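A.B. asks: Chains as they are written, first to last, in my numbering: chain Z, 1 to 318; chain V, 1 to 635.
Calculated directly from the structure, the hints in this document are not laboratory data.
Some chain V residues near chain Z, calculated using beta-carbon distances under 10 Å:
hint, residue
1, 51
2, 53
3, 241
4, 242
5, 249
6, 428
7, 432
8, 459
Note that the structure is a prediction, hence the values are computed from the model and not measured.
Positions of the beta carbon are idealized from the N, C-alpha and C atoms, including for glycine.
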Amino acid sequence: MTMSCELLHVLHRAGADTPYDMTSYEGARARWCPGCGDHGVLTAVQRLLAVEQLVPEQTVFVSGIGCSSRFPHYLKTYGFHGIHGRALPVSTGIKLHRPELNVFTVMGDGDCTSIGAAHWIHALRYNLDLTVLLLDNAIYGLTKKQTSPTTPQGVVTNTQPRGSYLPALNPLTVSLGVTNSSFVAQTAEWVPAHLFATLRAAYRHKGTSFVRILQRCPVYTPEMYQAVVRDPARVALLVHDDGVVVPELDRTFTTQIHHDPRDLAAARNLAESDDLIRLGVFFRDPDRPRYEETRRVTPRTATERMVRLEEEFDRYAV
Amino acid sequence: MTASPASLKDNHSLRAPTPPSIKLHEHTIEIVSDSGEGAQKCGQIFAAVSARMGNGVWTVEIIPAEVQPPPRVPEGASGNRIRIGDGPVTNWGDQTNLVVAFNEQVLLARHRLGALAPDATLLIEEMWETSPDPAIVAAWQEAMTELTAAGYRIVRVPMQAECLTVMENPRKGKNMFALGILAWIYDRDLERIREQIAIAFRKKSEAVYTTSVALVDLGYQWASEHLDFRIEVPRAPGDAALVVMNGNEALGMGAIAAGFELCAMYPITPATSVSHYLSEVFERFGGLVHQAEDEIAAIGVAIGASYAGKVALTITSGPGLALKTEFLGLAIMTETPLVLVDVQRGGPSTGLPTKVEQSDLLAALFGQPGDAPHVIIAPATIEECFHVMVTARRIAETFRAVVMVLTDANLATGVTPFPRPTPDIRWQAAPIDLAPVGADDLPYAWDESTGLSPRIVPGQPGGMFTLTGLSHDGRSKVAYSAGIHQHTSAMRSRKIAVLQSVLSPPQVYGPAEGDLLVIGWGSTKGAIEEAVDRVRAEGLAVSSLHLRFLSPLEPGIKAICSRFRNVMAVEINYSDEPDAPFITEENRRRGQLALLLRSATLVDVDSWTRVPGEPLRPGAIAAALRERLGRGAAT
Chain Z
1 MTMSCELLHV LHRAGADTPY DMTSYEGARA RWCPGCGDHG VLTAVQRLLA VEQLVPEQTV
61 FVSGIGCSSR FPHYLKTYGF HGIHGRALPV STGIKLHRPE LNVFTVMGDG DCTSIGAAHW
121 IHALRYNLDL TVLLLDNAIY GLTKKQTSPT TPQGVVTNTQ PRGSYLPALN PLTVSLGVTN
181 SSFVAQTAEW VPAHLFATLR AAYRHKGTSF VRILQRCPVY TPEMYQAVVR DPARVALLVH
241 DDGVVVPELD RTFTTQIHHD PRDLAAARNL AESDDLIRLG VFFRDPDRPR YEETRRVTPR
301 TATERMVRLE EEFDRYAV
Chain V
1 MTASPASLKD NHSLRAPTPP SIKLHEHTIE IVSDSGEGAQ KCGQIFAAVS ARMGNGVWTV
61 EIIPAEVQPP PRVPEGASGN RIRIGDGPVT NWGDQTNLVV AFNEQVLLAR HRLGALAPDA
121 TLLIEEMWET SPDPAIVAAW QEAMTELTAA GYRIVRVPMQ AECLTVMENP RKGKNMFALG
181 ILAWIYDRDL ERIREQIAIA FRKKSEAVYT TSVALVDLGY QWASEHLDFR IEVPRAPGDA
241 ALVVMNGNEA LGMGAIAAGF ELCAMYPITP ATSVSHYLSE VFERFGGLVH QAEDEIAAIG
301 VAIGASYAGK VALTITSGPG LALKTEFLGL AIMTETPLVL VDVQRGGPST GLPTKVEQSD
361 LLAALFGQPG DAPHVIIAPA TIEECFHVMV TARRIAETFR AVVMVLTDAN LATGVTPFPR
421 PTPDIRWQAA PIDLAPVGAD DLPYAWDEST GLSPRIVPGQ PGGMFTLTGL SHDGRSKVAY
481 SAGIHQHTSA MRSRKIAVLQ SVLSPPQVYG PAEGDLLVIG WGSTKGAIEE AVDRVRAEGL
541 AVSSLHLRFL SPLEPGIKAI CSRFRNVMAV EINYSDEPDA PFITEENRRR GQLALLLRSA
601 TLVDVDSWTR VPGEPLRPGA IAAALRERLG RGAAT
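Required output: the full structure, derived from the provided sequences and hints.
C.D. replies: Written out as structure tokens, the structure reads:
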């Protein structure tokens with residue numbers, strides 16, 4: 001999807017046909033640290049909601065616990081700020097019972113890839129129509145600088161003061177390894193145009209769209225992406241008509257890889273290599289079965305149920 | 001084999017006259033085999049037919065923990081225990097009077113457990129005596145020596161040899177042969193047995209049905225030719241329409257009657273069969289069983305669904321309850337209605353997965369860190385397992401509360417008939433209201449006096465708010481101030497008192513005053529009341545009280561207790577014996593209800609509990625009551 005029409009939407013104003021603008025989705029004032037990557041994600045999400053004109057009361061943001069999980073409080077939609085690691089089961093319950101709602105899930109790296117890892121894997125397999133954002137700053141922020149699964153090896157933290165012991169977990173390869181996973185993308189908070197375009201592609205995908213958003217923590221890991229931010233040559237964009245194309249970024253990011261998101265083997269190779277940071281849609285298959293469709297049941301009225309309950313009693317009658 | 005009903009009739013006319021039946025008020029029968037030999041199927045059909053014919057029936061499963069334990073080992077005993085009576089049967093009774101066993105090792109297991117009455121009749125497969133394996137022959141001889149010495153009446157049955165006349169693999173057919181024997185002894189209606197076989201094997205082929213019927217006829221014929229006794233437990237077919245099922249099926253049906261639309265669960269014994277039942281039928285009612293990736297996800301999905309609309313259900317057992325703890329706190333803190341069923345088993349840890357215990361009460365009530373007031377209901381009968389679901393859903397919705405329903409393996413696997421419920425459309429959950437929310441309407445508009453507040457669900461225009469497990473004010477805004485947390489804690493707690501204020505005081509079983517009041521909860525009601533009847537018939541002034549609500553406790557308990565000289569809680573959980581080493585009045589760990597009652601009433605509630613991994617026997621309770629009163633009289 002190209003950027004041209006979306007540029008217009010940046011200047012979007014509420015009107016008769018488009019009752020919502022970005023301010024329509026503003027909740028409480030965000031209390032993240034100045035310079036936190038979460039702010040940029042929040043703005044991109046509000047822009048997405050406005051561009052897609054999502055009805056606020058038909059939209060639910062579900063989060064777990066952590067800095068990024070304060071997200072729903074800063075939006076004027078329905079929100080569910082639950083417990084650590086368990087956002088995805090809650091989202092699953094909401095979507096199963098109310099498939100007409102737009103359900104977004106916002107998790108941090110500890111939330112998603114550590115304490116909630118089981119739910120992450122199984123949510124990808126259920127493939128409900130959920131937009132899932134992993135706000136990955138590679139550190140525990142709220143609890144003050146502990147190693148997370150995505151913390152690079154060697155990074156000094158309060159729990160691993162001689163440098164983090166293990167190689168970082170790669171959320172992309174994990175996601176791409178899960179059977180029935182249908183959308184896996186990576187973007188970065190410091191490239192807002194790409195962030196927005198990726199979120200939009202994710203939202204428009206029918207199925208669980210998993211977006212890892214690389215982001216900076218200015219307090220605990222300010223150095224983490226500094227070199228990449230300064231040097232766009234360290235970034236490669238994955239481009240494809242079925243993925244994300246942002247022409248305005250062509251001059252900044254000259255390394256571009258034409259990658260068909262249907263090609264799972266290529267996606268896994270791209271996700272595996274760590275020479276460059278790759279942004280774009282790694283994999284997308286809109287034809288994978290979605291759990292809410294597989295499990296769709298015909299609603300029954302109370303009266304119908306009463307009749308069928310009598311039939312049930314007949315089966316057990318003496 | 002051509003044992004059609006007609007040929008059977010001819011055969012009857014040829015053989016010796018039928019021996020006269022011994023007439024009894026009740027009889028308890030067991031069918032035991034190795035796992036996989038179908039003894040349970042035999043027992044279930046026998047029980048269902050007995051219920052249909054007008055006997056009171058209570059069935060308990062005998063289940064090994066493994067799916068397929070090695071054959072011919074005592075711990076592999078699998079089967080059913082059926083108590084039939086001339087009136088309602090409310091519990092599994094004391095000891096077994098007649099056993100059909102497919103090998104001597106499983107029989108030995110029952111004997112050594114003390115499950116068999118001293119004068120019990122044992123019908124035993126005799127093929128092992130002539131086994132080519134000398135080890136088996138030796139084991140047989142050793143077991144038979146022990147069983148004979150115990151004084152049982154032993155009847156040897158050539159099950160294998162007889163079944164071979166009908167089928168090639170009798171291991172899968174002895175159960176129906178045994179059913180035929182029981183049908184003759186207890187004069188069961190063969191036509192009803194055929195109906196039940198058709199139901200039990202509805203997913204199997206026609207050939208399975210035909211063979212099964214032939215085997216039943218064969219067993220019936222064998223019994224008529226070789227047995228010299230029959231037993232009559234008078235039947236009292238009533239006018240009332242009855243249904244017969246186990247407690248887990250009743251829970252599942254109750255969930256349907258209550259209008260639940262989502263049951264999220266993770267497999268765990270002995271709760272899982274609720275979801276087996278629901279998985280089979282729920283979709284016909286517009287409902288969904290979601291098998292989650294783990295216990296935590298199961299409750300998370302249920303909470304998500306409840307938050308988004310109708311109250312959802314999650315079903316588990318002790319270890320699963322432990323895993324769900326954090327989410328329970330979230331549901332309570334956010335006042336998201338939820339119904340959780342805990343089908344209790346023996347604990348702690350993995351404990352006794354298939355066996356009954358009532359040890360989750362305090363964990364259910366106090367297991368959530370922080371102050372987490374919620375409702376706990378314990379159905380006392382299989383019938384109540386049905387109705388409790390309607391009550392639980394209504395309370396959850398009305399009070400924005402977590403409601404836990406505590407049943408146990410005794411109710412879960414026990415089968416008994418009860419009056420067919422008359423469904424009421426008002427039991428069903430109302431459709432969710434998506435009307436716009438007024439500008440002044442808050443997500444927590446607590447009524448200052450009751451703590452109650454209406455709920456706002458996603459989809460309601462103008463109602464957007466973020467639910468949070470953090471301390472929050474009426475607008476659901478995060479609020480850490482001391483005053484707000486004090487106030488909102490009071491609001492969440494107040495609801496429980498309000499619920500208590502609308503409950504009726506529990507009814508005393510027996511006179512309202514006396515020497516001893518026995519208090520129980522859950523599945524022990526039938527056994528306790530039978531024990532009370534027995535000791536009262538002996539002249540002891542004992543009554544009992546059975547509680548359905550454990551949180552809040554039903555009103556008036558202290559006043560009821562005050563009219564008895566002694567009060568004792570009887571439960572299936574652990575308590576220290578008062579005269580055990582090191583045990584003092586101060587350090588004695590009492591049963592869980594006893595602890596609860598003592599704290600709520602300041603009554604000196606004594607405790608008598610057992611954790612045998614099986615339901616309490618009325619005889620054992622009666623003995624404890626006599627002993628307690630003996631002690632009580634001395635003081």
